Amino acid sequence: MCGVTGWLDWADDLRLRADTVRRMTGTLICRGPDADGVWLSRHAALGHTRLAVIDPDGGLQPFADAEPAGAVLAYNGELYNSRELRAELEAHGHVFRTRSDTEVVLRAHLQWGHRAPARFNGIYAYALWDARREELLLVRDHLGIKPLYWHRHADGVLFGSEPKAVLANPLLPAELDAEGVAELFALPAAPSAGHGLFRGLHEVRPGHLVLATRHAVRELRYWQLESAPHTDDEPATRARVRALLADAVERQLASDVPLCTLLSGGVDSSAITALAAAARERRGQGKITSFSVDFPGSADRAPDAWRTSQDAPYVRAAAEHIGTVHTSVLIPDDDLLEARDAVLRARDRPGWGEMDASLHLLFREVRRRSTVALSGEAADEVFGGYPYFHDAPALASGTFPWLHGRTTPAALLRPEVRAEVRPAEYTEAAYRASLASVPRLAGEDPADARVRETFHLALTRWLPPLLDRVDRVSMSVGLEVRVPFCDHRLVEYLWNVPWALKSPGGRAKGLLRDAVRDLLPPQVADRPKSGYPSTPAVRYTEVLAARARELLADPAAPVFDLVDRDLVRRHLAEGRPLPGPRTAPNPVGGLDHLVQVDEWLRAYKVALR
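Be aware that the sequence shown starts at 1, since it is given in the UniProt record's numbering, and climbs by one per residue.
In case anyone wonders, no lab produced these hints; they're calculated from the structure. Computed from a predicted model, the values in this text were never measured in an experiment. Incorrect hints may have been included.
[Unchecked claim] Here are the computed distance ranges between Cβ atoms for each label pair:
(1) Arg133 x Ala154: 16 to 26 Å
(2) Arg368 x Lys287: 13 to 23 Å
(3) Arg422 x Glu281: 54 to 64 Å
(4) Thr231 x Pro415: 47 to 57 Å
(5) Gly297 x Glu492: 42 to 52 Å
(6) Arg432 x Ala278: 42 to 52 Å
(7) Gly297 x Gly113: 54 to 64 Å
(8) Gly323 x Ala91: 39 to 49 Å
A virtual CB, placed ideally from N, CA and C, is assigned to each residue, including glycine.
Model the full assembly from the supplied sequences, consistent with the hints where possible.
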C-alpha cells in the first residue's frame, strides 16, 4: 500500500516549506518502502511513499494530470473495479498513460467530480488537489479500511495517513485534552468515529470526503447503509452471499507481487482461503500460500468465552483440505517484548498490548514471502458472530453491548481527572449519538430493530479500530492486507438480511457457514467463534509487572498525571488485574495498557490540556 501526507495553506508559500513536507513524508516510509515523492505549489503540497503492487513502473506519485494547472493526486489504496472504470472513462475520451489504478482515480474525478468515490469498489484513502478550482479533497473508502487523518489550522489543513505524519508539522503539537482522555480510557475498544485522539486531530470518516477551499472546510457523505425489506428466501440469500463473497475475493487477487492468505482455522479465514484457491485454480495458477500464528505452550491454555479452541488442529485441517502451501509462525516471549516499541510507533497510540505485538511479528514473517495478504477480518461484524450478538442481557443493557458487565480503564483515573473527563457521561453521549445514526426500517419488530442497532454499532464503532489495527501493524512492515468481507456490496446486502436468516436455527454465522460449507472440512465449517489468540507467555507478564512497579516508584511517571497511583498500587498488592482496553478476557491487558500509556506519553512528548 502507500503513505499519503500534505499541507494546504492559504497564507504561506509552501514551495519554501519543502523540508517540512519531506519530513512529514519521511514518517511514512514504512508504508511505502519502494518509492517516495513530494509535489509542491504555492498553496498546496503533497507527499507520498509507495508500496508497489500494481504497475510498479507506471504508478509513481504524487500523480499529476497532464494538463498544466490541473489536478494532482496522492493515493493510498487498491481499486478493485479499476478495469470497468477505465473502460467507461475511455468511452468518455480519456487517454491513459499507465496501468495504475491511481490514474483511474484521478481521471474519475476529472470526469465525475465529487461523485466519483461513489463509483469505486476498493480500499483507499487519498488527497486530490484541484488547482483550477482551488480545492483539496480528502477521501476515505466506504468502511474505513484505509486511514486518513486531518487537522484544520488557522490558514488551511494538514493531513496524513497516520498521525505521525501530521505531528511532524509544527502546526500540530502533540496534546491530549479531556475528550482524548475519555477516548483513551472510557472507549478504548470502540473510539468515536472521526476522533484522532490527539487534540485537534480528526479522521476522515468512512464513506466521507473532506472538502477544503479558501472559504470553508466541509465534510460530505458519499455512502451510507440504507434499510429496506429483504425479499430473497433462504436459498436465494445463501446463493447471493456466496456470489458476492466469491466475486470480492476474485477481484482482490489482483496483484503484480506475491500474494497469500491469513488462515486461522475459523470459518471466516478458511472461506476466504478456499475461494482464493478456487479462483487461482480456474486461472491456471499455482497453489495459494497461507500463514497462521502460534505460541509456545498454546496447546495447554484453557479455553474461554472468546477463545473457545486452539487454532492449530483447525488450521491443519483447512490447509490440507484446501491444498495451500502453509506456514505456521511460532512467536516466543522475548520476541513479543522486543516488538512493543515498534507497535507503539506503528499505531501512534496505546493499543492492545501483546495481541498487537504478536500480529506485528506474524506480519513481519509474512512480508518475507508476500507483499499482499487476504484476511477474514470483519466477518463477525457483518454476519453477527461475536458473543454479544447472542447475549440477551448485553443487548438489553442500554449501552454498547460489548461493555455490558465490563470495567474500562476509566475506573483508574484520578478523582479530579474523572471529574473533568466524566467518562460515564461521555460513553452515554457517544452511545446515544451512535443510535441516532442507525438507518431505521419502518414497522420492524422491536427485537429485530435492536439487532439492527447492534449491527450498526458493530460496523461503525467496533469494526473501525480493528481495521485500523490491521492496517497500521501490517503497513509498519510494508504488507498490504485486504479484507473481502468489507466489500461494500456484500455489507449493503447483509445489512437488510433478517437475523433469522443470518443465524438459522440460532447458529452463529449460520448463513456464512451454509454458503461456503461445500468448500471446507465439516469441523472447520462448524467451528464456534474463537478470537485472535493471546499468548500464555509467563515472561511477558513478569516483565510487565516489573515495569508497572518501576512506574509506581517513579514520582515523575507521566501516566500518573491521569491515573490514580494508589489505586493501581492496591490492585497489584491484592493480585487483582487492572481493567484493560479489550473486552476479551486478558489478565495482563490492564497492565499492558498502563505501561503503554506511560510509554506513549513519553515517546510522543504528549502535553496534557
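Regarding arginine 422 and glutamate 281, is the given constraint of 54 to 64 Å on their beta-carbon distance met? 57 Å, holds
I want to verify a distance hint. Is the separation of the beta carbons of arginine 368 and lysine 287 within 13 to 23 Å? With Cβ atoms ~18 Å apart, the hint holds.
Does the Cβ distance between glycine 323 and alanine 91 fall inside 39 to 49 Å? 41 Å, holds
Could one say that the CB atoms of glycine 297 and glutamate 492 fall in the range 42 to 52 Å? Cβ of glycine 297 to Cβ of glutamate 492: about 43 Å, so the range 42 to 52 Å holds.
Taking the beta carbons of arginine 432 and alanine 278, is their distance inside 42 to 52 Å? Hint holds: Cβ distance 45 Å, inside 42 to 52 Å.
Mind checking the hinted window 47 to 57 Å against the Cβ distance between threonine 231 and proline 415? 56 Å, holds
Holds or violated: 16 to 26 Å for the Cβ distance of arginine 133 and alanine 154? Given a distance of about 22 Å, which is inside 16 to 26 Å, the answer is holds.
Are glycine 297 and glycine 113 spaced within 54 to 64 Å by their CB atoms? Cβ of glycine 297 to Cβ of glycine 113: about 57 Å, so the range 54 to 64 Å holds.
The earlier numbered hints are all upheld by this structure, with none contradicted.
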